[in-house]
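Student: Please build the complete structure, drawing on both the sequences and the hints.
Each residue of the sequence shown is one higher than the one before, starting from 0 at the first, in numbering that gives the first Met the number 0.
These are calculated hints, taken from the structure and not from any lab test. Keep in mind that this is a model prediction, so the values were computed, not measured.
The list that follows gives simulated cross-link-like pairs (lysine-lysine, DSSO-like), each with its CA atoms no further than 27 Å apart:
1) Lys-71 / Lys-227
2) Lys-218 / Lys-235
3) Lys-217 / Lys-71
4) Lys-349 / Lys-300
5) Lys-319 / Lys-264
6) Lys-300 / Lys-319
7) Lys-264 / Lys-300
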Amino acid sequence: MYFASDNWAGASAQVANALLNAGNGSVPAYGADDQTRVAVDWFSEVFEHDVSVFFVATGTAANSLSLASVMKPAGIVICHDVAHIACDEAGAPEFLSGGRLVSIPGARGKLTPDALAAAIARYFPAAVHHGRPVAVSLSQSTEWGTVYTVEEVTALAAVAHAHGLKVHMDGARLANALAFLGCQPADITWKAGVDVLSFGGTKNGCWCAEAVVFFNGKKAEDFGYIRKRAGQLFSKSRFVAAQFQGYFDRGHWLDNAYHANTMAKRLATGISQLSTARILWEPEANEVFAIWPKPVSARLKAAGAQFYEWNPDGLDETEKPRDDEDLVRLVTSFATAAHEVDHFLKALGK
Numbered sequence: 000m001y002f003a004s005d006n007w008a009g010a011s012a013q014v015a016n017a018l019l020n021a022g023n024g025s026v027p028a029y030g031a032d033d034q035t036r037v038a039v040d041w042f043s044e045v046f047e048h049d050v051s052v053f054f055v056a057t058g059t060a061a062n063s064l065s066l067a068s069v070m071k072p073a074g075i076v077i078c079h080d081v082a083h084i085a086c087d088e089a090g091a092p093e094f095l096s097g098g099r100l101v102s103i104p105g106a107r108g109k110l111t112p113d114a115l116a117a118a119i120a121r122y123f124p125a126a127v128h129h130g131r132p133v134a135v136s137l138s139q140s141t142e143w144g145t146v147y148t149v150e151e152v153t154a155l156a157a158v159a160h161a162h163g164l165k166v167h168m169d170g171a172r173l174a175n176a177l178a179f180l181g182c183q184p185a186d187i188t189w190k191a192g193v194d195v196l197s198f199g200g201t202k203n204g205c206w207c208a209e210a211v212v213f214f215n216g217k218k219a220e221d222f223g224y225i226r227k228r229a230g231q232l233f234s235k236s237r238f239v240a241a242q243f244q245g246y247f248d249r250g251h252w253l254d255n256a257y258h259a260n261t262m263a264k265r266l267a268t269g270i271s272q273l274s275t276a277r278i279l280w281e282p283e284a285n286e287v288f289a290i291w292p293k294p295v296s297a298r299l300k301a302a303g304a305q306f307y308e309w310n311p312d313g314l315d316e317t318e319k320p321r322d323d324e325d326l327v328r329l330v331t332s333f334a335t336a337a338h339e340v341d342h343f344l345k346a347l348g349k
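Tutor: Following this line, the structure appears as structure tokens:
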């Protein structure tokens with residue numbers, strides 16, 4: 000009953016086999032191999048666009064270096080209060096970019112065009128004392144498991160671009176968002192106004208496969224140097240490339256995400272039918288947020304369940320747990336089995 004994080008899941012068989020096959024023979028290092036070139040071509044095919052792709056080791060590196068690529072002196076990146084870059088990356092985005100994060104609230108983990116415009120307006124007219132906004136960062140899906148629609152991303156990008164800001168998307172769970180939306184990857188990224196994407200595979204079936212994707216090649220001209228300076232240039236790039244090839248082949252990445260989302264829906268439906276717990280809202284991706292009495296958490300963990308209690312800050316007062324209750328996050332993955340969900344629900348209902 001592993002619902003702590005999709006990072007707990009291993010690599011899918013298809014990705015693992017591709018990784019194993021990449022170990023044969025000797026090839027040029029640092030991305031000069033054919034396998035890396037093929038993987039980059041896969042990205043262009045997936046996004047229906049000629050993209051520039053740079054492999055990095057972690058999602059934190061992808062986010063931080065993406066923001067470094069758009070940074071200016073005294074630059075500010077606007078993000079949501081609970082964005083991963085603001086809460087869970089130990090200051091790496093600011094350290095590696097040299098900029099500053101300014102976070103703003105929004106219901107269920109989402110920014111709104113009005114709130115974004117108001118945040119930008121605080122820095123106009125420009126003054127050297129206060130810094131200047133250079134980018135907005137969107138999480139897709141969000142830290143509350145919600146998903147921005149194509150229309151929402153387009154509207155936010157329009158506000159950002161009207162003020163000269165770039166749009167970064169943290170796509171650690173982009174596949175789960177796509178599985179929910181049913182749209183094409185291009186629709187929710189460059190066609191909606193995203194300039195640079197942190198593309199994550201690690202949470203959805205890869206071992207260690209993250210990438211920074213630029214939809215305008217000119218914006219990527221300096222990124223090779225940024226990546227090398229940060230120690231993120233793989234010498235054996237083929238092993239990351241192989242994972243992405245296995246990941247994309249025959250739509251495997253979306254199949255993984257559909258399964259994870261389906262298991263989250265199964266979990267949420269089961270919880271909503273119990274008198275011992277309730278869900279905050281219907282899951283849109285692969286994260287379920289539930290509330291139950293505090294003793295239930297201890298009982299479930301004693302039975303072997305793994306999950307995290309969650310911080311309710313930012314929730315509407317009507318959504319927050321009572322003092323005698325826990326708010327918990329339950330995350331499903333490509334490896335979550337239906338019987339694992341059912342076992343958890345049985346334990347929860349006792």
